[in-house]
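Under our numbering, the sequence shown has 226 at position 226, and the numbering climbs by one with no breaks.
Note that these hints are calculated values from the structure, not bench results.
No false leads were mixed into what you were given.
Below 27 Å or equal to it, Euclidean Cα-Cα: the simulated DSS-like pairs (lysine-lysine) are:
# : residue 1 : residue 2
1 : K135      : K26
2 : K24       : K3
3 : K136      : K26
4 : K24       : K186
5 : K135      : K186
6 : K171      : K196
None of these values were measured; they are calculated from a predicted model.
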Amino acid sequence: MIKNHRFSRTEQMIGKPALAKLSKSKVAVFGIGGVGAFAAEALARSSVGTLVLVDDDLICETNVNRQLLALSSTIGKPKVEVMRDRIMDINPGAVVETIQIFYLPGAEGFSWDYDYVVDAVDTVSAKLSIISECKKREIPIISVMGAGNKLDPTKFEVADIYETSVCSLAKVMRHELKKRAIASLKVVYSKEQPIKNSNSLAGCKNGCICPPGTKRTCAMRRQIPASISFVPPVAGFIAAGEVIKDLVEDMREELEFPQENCSYASEN
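Could you build all of it, start to finish, from the sequences and the hints given here?
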């Protein structure tokens, strides 16, 4: 009989040994935005004991349409700090490390002692560096491809990068990873054709609303993709799900439910 606690429903799903392993695991999430914040949230609620959050950004009003952390009360605050406080409220026993930098190749201050890495950044150079560092050290990693300009969250799939199609970011990554002799990479990507429209965003050159202190404003970005509330979170949850399943692989207890209890599965 499982004693009730904040993760008892998870223990019921995966078993006590797997839950214990998650509590001792250290996962780094690079990019705490529309995808990464939801991934970090799911990892925290799955009882992952140590989380490392990497992002230099401040919460902007334009994040409100899709990002977990973006509220009227949090605009202008560092994403990593707001995410840290949220995780500690979910699990006061967790250890949360914050690294408030824009990750670039050669960045210092990283221990690279992670049990798993979630790549949820949106620049190719950063993705390639994070992936290379993980592959060099044999750290498991999942990389999330483009979630912008998408409207159908059911089109996301998990695959090896060399089995992807449609996604333009995945195409670039396939080319660059092949040049670096990286033979495989687990990714979350969408097979949905990007939504094309004639609406353009003014950006920071015309009516900037980025909070004071923002280091990378919209004017510094080549392109600002359209986004919507219900797509990036799905990519983040899928990535977190893969992390959890991989970490506890072969440890999940076989659970058998009596036939009369099948209705229980519909309970939230």
